[in-house]
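Chemist: Given next are the chains, with one letter for each unit.
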Amino acid sequence: MTTTVVCEEVNRTFGTVTALDGVSLTVHEGEIFGVVGPNGAGKTTLLNCLEGLDRPTSGRVEVLGLDPARHTAELATRVGVQLQSAALPPRLTVQEAMRLYSALYDDPRPWPDLLRTLGIADKARDRVDRLSGGERQRVFIALALIPRPELVFMDELTTALDPRSRREMWDTVEAVRDEGATVVLTTHYMEEAERLCDRVAIIDRGRLVALDTVPALIQRHAGATTAHITLTSAPPADLDLARVPGVTHVTVKGRDLTVQGDADALQRTLAELSAQNLTAATMSTTSPGLEDVFLSLTGRPIATQEAAA
Amino acid sequence: MKAYRALVATLWHSQRRDPVGLFFAFVFAPALVLILGVVLGNEPRPEFGGRGMIDATLPAFSSLVLAMLGVLQLPVSLLTLRDTGALRRLRLTPLRPATFVAAALTVHFAIGMAGMLAALATGWLVFGVALPSGILAVVLACAFGLLAFLSLGFALAGLYPSVGAATGIGNVLMIVLMISSGAFTPVSAMPDGVRRAIEFSPVRQFVNLVQGLWEGKALSTLGTPLIALLALLVVSAVVGRFLFRWGHRA
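Taken in order, these protein sequences are the chains called G and A.
With the first letter of the first sequence counted as 1, position 55 gets the number 55 in our numbering; the numbers rise by one all the way through.
Every position in the second sequence, counted from 1, becomes a number in our numbering once 1000 is added.
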C-alpha cells in the first residue's frame, strides 16, 4: 500500500500554546482519511502543515514524498485544497473564478464538466458571494479539483451546511475518491466521519488519541451494543442471560429485557431465548458510535451542538 | 503570461463591480474640475498670475487620482484580498507572487490613467484650456507619477495592519496629500513655511513635474521632481517587496 501522507512526531506550538503534540500518522493512497475532534483540537493546524501554509515546530511531514514547506511549487500542481476560510477576490461570478483557476495550471480539468458533476452548472453566471452555503462549497471543491489532484485536503467541508446539503456533499466526496484521488478531511461531526471515512484519526487537545477504521475503533473503545427485547410472554424466573458468553449487562422487567454486549453475544442471546421457547415480540438495538469512542478515550463528550458557524 | 492575463481580467471584474471605488478613481477628479470650474469660473484672476483658475491648476487635478489610488484604493484592495483569505488560496496554486502583484498593479494603473486623462480632457473640452504642444510628455509624466504612487500603495499594503486601518489612515493621508497638491489653493498665496513644507509632498512634486511640462519647461529643468518621484518608486517597491505577505502569519 502506497503512503500519500506521512507525519512523524509532529509538534506545533504557538508561543506557550501547544496546538499539535507528537502526532504521527500515515494516509494510504486512495482512502478517505478523516481527522476528527472537537473545535480547537488542532485539526486545521495539522492540515495547514500538510498544505505548506504552516510548518511544524518539530517533527517531519511528507506529502506525496515531498516536504510541503519546501516543494510548494510541485505540490501546488498535484494537491487540491479546500480551505476552511476559503475566499475569492470579491464580486466574482462562478465562471470568472473557474477561468482564473484554470489559467493557473498547465493541464486543468475542463471546468464546465466539473460544474456539471457538482450540480452547479446553472450557477456559472451567478456571483459566488450570492450563492447558498452548499453551492459555494461546491465552487471551492471545483477549484480544488481543477488541477486533477492526486490528493485533496478538505477542511470542515460541511460546517454551516444544512443536513441535506451535508448528505449531498458526502456523495460528492465519495465521487472524488472514486475518481482516484486520496481525500484527507477534517470534521467535528462524528456522523460524517462514520459515514464517509475509511479510517479516522481522533485528535484531542493536539494529541492523536486513536487511529483506525470506524468499526475497529468502536469495537475496541466503545464495545457494547444494547438490545431492547419485549417477549410475547413473561420469562421464567430462572432465566439467566448473564451466563451467555459476551453479555455484560442484563435487566429484566416483566416481559422487557435489556441486554448489553458485543454483536456475537446478542446473537447467542437470541439463540438462548429460542432454546427456551421464548419469542421476541419487538426488538430494537442501539449501537455505539464514534461519539462513544471519543467519550471513552477522553472522558469527555464531544461537543455536538450544531452551532451556526 | 496566461496566468497574468487571467488575473488582470479577474481583478478588473472584481473592481468594476465595486461602484464606489470605481467612481472615486474615475469620476472624482473630472467631476471636481467640472464643479470648481462652474462655481469659480475660469476668468483671469490675479492670484493665478492673470490666468483662469482651471487654466492655472488643471494638471494638478490629475494628482488627485494619484493620491487616492496610491494611499487608499490600491492598499485597501490588496489588503481585502489578503484579509479575506483570497491570497491564501491563490498561494496554494502555481501562481508566482510577482505575477499577482504585476496583475494588481496593471488593473489599478489602467483605472488611474483613465481618471487622470478624464480630468485633463474635462478641462480641455469643457473649459477650453489650451493643450500644450508637449501633451505627450505630460501624459508620460502622468504615467510615471502613477507608477510611483502605485509603488507607494504596494508598500503601504505591507505596512497597514488591516483593511480597517488602511481605510482610516488612507483617508487622512489622502486628504493631506490632496491639500498639498496645490489643486485647490494657489500655492503662491501661502505663507513661506507652508510653501516650503509642501515641497516635500510627493504629490506636490508630481504637480511640479506635470505643471512644468504643461507650461513648456524643458525636462532638464525638472530634475528635482523627477528624482523625487523616482526615489519614491524605487524605495516603495523595495519596501513593498520586502513586506509582501500572502496572508496573516499563522
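Please note: incorrect hints may appear among the correct ones.
Unchecked claim - Now the stretches of chain A that chain G is said to cover, found in silico as 3 or more residues with beta-carbon under 8 Å:
| hint | region |
| --- | --- |
| 1 | 1003 to 1011 |
| 2 | 1061 to 1068 |
| 3 | 1132 to 1138 |
| 4 | 1213 to 1222 |
Unchecked claim - From chain A, some residues computed to sit far from chain G (all C-beta separations above 12 Å):
| hint | residue |
| --- | --- |
| 5 | F1023 |
| 6 | R1089 |
| 7 | L1090 |
| 8 | A1104 |
| 9 | T1106 |
| 10 | G1128 |
| 11 | F1144 |
| 12 | G1164 |
| 13 | L1173 |
| 14 | M1190 |
| 15 | D1192 |
| 16 | E1199 |
| 17 | F1200 |
| 18 | I1227 |
| 19 | W1246 |
| 20 | G1247 |
Unchecked claim - Some but not every residue of chain A turned toward chain G, in silico, with C-beta under 10 Å:
| hint | residue |
| --- | --- |
| 21 | S1077 |
| 22 | R1091 |
| 23 | I1175 |
It is worth saying that the hints were derived from the structure and are not from the lab.
In this text the structure is predicted, and so the values were computed from the model without any measurement.
Think of the CB as a built atom: it goes at the ideal place given N, C-alpha and C, for glycine as much as any other residue.
Chemist: Quick one: which hint numbers does this structure break? Sort them smallest to largest.
Modeler: Hints 2, 3, 4, 6, 7, 8, 19, 20 and 23 not satisfied by this model.
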